[in-house]
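There are 2 protein chains.
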Amino acid sequence: MAKPKKQPRPKAVTPKGFRDYFASEVTQRTEMLRTIAGVYHRYGFDALESSAVETVEALGKYLPDVDRPNAGVFAWQEADEEGKGDWMALRYDLTAPLARVYAQHRNELPTPYRRYAMGPVWRNEKPGPGRYRQFYQCDADTVGSASMAADAEICAMLSDTLETVGIPRGDYLVRVNNRKVLNGVLETMGLAEGLEARDAVLRTIDKFDKVGEQGVRELLTTGRLDASGAFIDGVGLSADQAEPVIAFLTSKSDDAAATLANLRAAVGDSRIGAEGIAELEQIGALLEAGGYGADRIEIDPSVVRGLGYYTGPVYEAELTFEIFDEKGRKRQFGSVSGGGRYDDLVKRFTGQEVPATGVSIGVDRLLEALREKGRIKAEEHGPVVVTVMDRDRMADYQAMVAELRNAGIRAEVYLGNPKNFGNQLKYADKRNSPIAVIEGGDEKARGIVQIKDLILGAKIAQSATLEEWKERPSQFEVARGDLVAKVREILASQDEQG
Amino acid sequence: MAKPKKQPRPKAVTPKGFRDYFASEVTQRTEMLRTIAGVYHRYGFDALESSAVETVEALGKYLPDVDRPNAGVFAWQEADEEGKGDWMALRYDLTAPLARVYAQHRNELPTPYRRYAMGPVWRNEKPGPGRYRQFYQCDADTVGSASMAADAEICAMLSDTLETVGIPRGDYLVRVNNRKVLNGVLETMGLAEGLEARDAVLRTIDKFDKVGEQGVRELLTTGRLDASGAFIDGVGLSADQAEPVIAFLTSKSDDAAATLANLRAAVGDSRIGAEGIAELEQIGALLEAGGYGADRIEIDPSVVRGLGYYTGPVYEAELTFEIFDEKGRKRQFGSVSGGGRYDDLVKRFTGQEVPATGVSIGVDRLLEALREKGRIKAEEHGPVVVTVMDRDRMADYQAMVAELRNAGIRAEVYLGNPKNFGNQLKYADKRNSPIAVIEGGDEKARGIVQIKDLILGAKIAQSATLEEWKERPSQFEVARGDLVAKVREILASQDEQG
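From first to last, the protein sequence lines are chains A and B. Counting in the working numbering, the first sequence runs from 2 upward without gaps. Counting in the working numbering, the second sequence runs from 2 upward without gaps.
Hints are all accurate, no fakes.
If chains are identical, the list can't say which one is meant, so a pair holds when it fits in one copy or spans any two.
List time: in silico BS3-like cross-link candidates among lysine-lysine, alpha-carbon distance up to 30 Å: (1) K328 / K374; (2) K17 / K85; (3) K420 / K445; (4) K487 / K445; (5) K460 / K487; (6) K431 / K348; (7) K378 / K431; (8) K348 / K420; (9) K348 / K427; (10) K12 / K348; (11) K348 / K17; (12) K85 / K127; (13) K427 / K378.
In short, the hints are calculated from the structure, not lab data.
Just chain A, same shape as in the assembly (with noise of 0.2 Å):
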């Protein structure tokens, strides 16, 4: 064999527009997943995992036309024998792949196929702060039903899985829209599909929340000075062609009848118009049966994002609470999730329409959310440390630690050089260690051990005065016998006070 040539020293870095998640990062991560596939699991969907990796040809939307198909999903080539084998990309959703299993599993599942599905998600996208290439996607879709009630019920899970990760009502809204009531209106206007104009009013449309409705009304017609000082073409319309989606976009109302009136307005004689106000009557009947009441969930036209997406009902949770942005200004947090029906994904591969609708969160948004409102903790305690003050006597400590784990305390023996005691207490420092546990030679002959309470020291550091310091009313002396039971104390007594 070939020896290999010398490297120069690899960079140790995270790829651009990925990032490593530490301690609670993951920890609070975890949980959240765990309480919403609870949620998900309760209402009766099925776990599902697909494997991070997809065939271009099965994610469908990013087919190759050139020679790398890198717009937008990470992708690559399988060596074959040739060595030229199949496109391969990192999914950059988790319906895409539902699409797939359906598609390919269908005999063997049941119909309707109600699945939840979390995990990493891939966009191959130019990085922004706090926008990563790699982050987490938690979804609950039902296909093979066409029934309001699986949207219905989808409006009232997402409703239900904010308020049982810590969203308090009133802190949330889920808003209700319908694809179908903007076609009505795009077939009142005489844009038929495959029109040029339409696709390029579907586009307008989707900037409604950034520009508002004179900014829509502007960019419809003849065009609009961004802030950035740059014109922007109008689609061309006259003030009075652009009249019907203004007033589709601008239709809430109060209460959900009178909502409901002006969009029937706002379709006219359409039949497809009539058919999504239908379907947005019914799922509102729903859930106002199930007791959700305007409060959680309200049919909002405003509702734009994904409209191009999705064929039918479209649903967003945005969470209305104020926070500060990085520049100090005030702004509503925002979008957490958003979905809606998908009557086409499944036909790309058996060329039959199957009905399906189904909600994806941001789970990494989410949490964001919680600790910005101080719902959980940035930081967790470390584990109890057991100095190391006689290195021979290594398996007198990892007694102790043996003791505390067994009592279900988070404990370990301090495992680097143990020459420099100040270094043992500057690791439990930065593990944010709550108690470290010293037993020199003296201690072990006394059969004692000396407990500090770090976290009492620390406040006592702050202010004390030096009488008080020397007391040292942070470190206790026990009986060997009874370090679990004092440790047990202290933790407590932490606990309580915050």
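Once you have looked at the hints, place chain B on chain A.
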């Protein structure tokens, strides 16, 4: 925008070597990961989650010396402005990312850094039966500790973990070996580092658990006819020269002291060999003091897996019970976990040697073992299914499932087309539902519901006489207000009967 070209229908298939996991396959793994994380956490390890993607440079072992580094990993080249960016790859284990993370963040991390990590890893290898290209690992490592107490702790934790997930004592064994002892053996044989014969001997030792003592003897000397009839060339040692290797591999005795004495003879006066034996002695003493006897952990020089990779102690957990393989032959279940000390992984990045030791559990293998032993059920019950007798009363049915869910009972309304009632019961059957609830117009008028015990029903269908069957002892009529109480009662009786 140009219209997309019409594409042929994509094939709905998982990429070769990947698979989908359904329902309890997913939840049982999640539960096991949670249990293992609980043990690791109690031992003082902190969670770490690095991204699935690393630069090929950071992964190291697979640095490309050809145009495309696809040996063993899934890799691709990023497209930067000039079209040619860094090579990226999916991680192939959790240790290489740990080395990168530690090197990158070492100034902020405590030393020792003790972390656990769990998640999928990817191997670009030829898939085989039961061998997939994505699988889960579950690791714990202590970085920055040279103490044998760190190694002993990992062995103890591995033993605790196996028992906690449900492998009883006696059904597993953690076996410990040491690479330095082998180095001592090679030194006494005059095989210095860098010699080709030394590498050949190392590769041969790696086959010990496949070919056994006589096989290794042949391979070290004149060669061997393997099972397929092919002749494998030998290393070319004389029988005398090969003897120390055989002595090393077969030095295990019934008690640790005798094993260590055998090893002492095998390494002669090699300093590195003596060091390795002293390390094994220390680990043995610490484990004995902790009460981990030879029924759980033992020193066994025949452990060869990973000896080429690790630099000091090596450990492996083996399940010792017998199973039948796919050909109906009895065999030991085998290894579910391995680990050891690797003191030079971080050095690649920083130039500094950082001692580290850790373990990796193959979670999918461990799950397979528990299923094999009947310790976890292959399937779980589906939701209670509320059937739809009258599609205009969807709100009534939703109210029933809401009541059930609020009582913590998994439940759903049938969301398919309700026209054919038989399909609804078929659906409940396919979901493995324990109970179906029926409320037609007649029941509604009388204020009652019908509750079918589907488990009991299936049992009766197998064995009952026509008379018994006609009595329908598995169907209950209760007042609508008693729905939740009756469902709960039936579920409890089903649980009792297993």
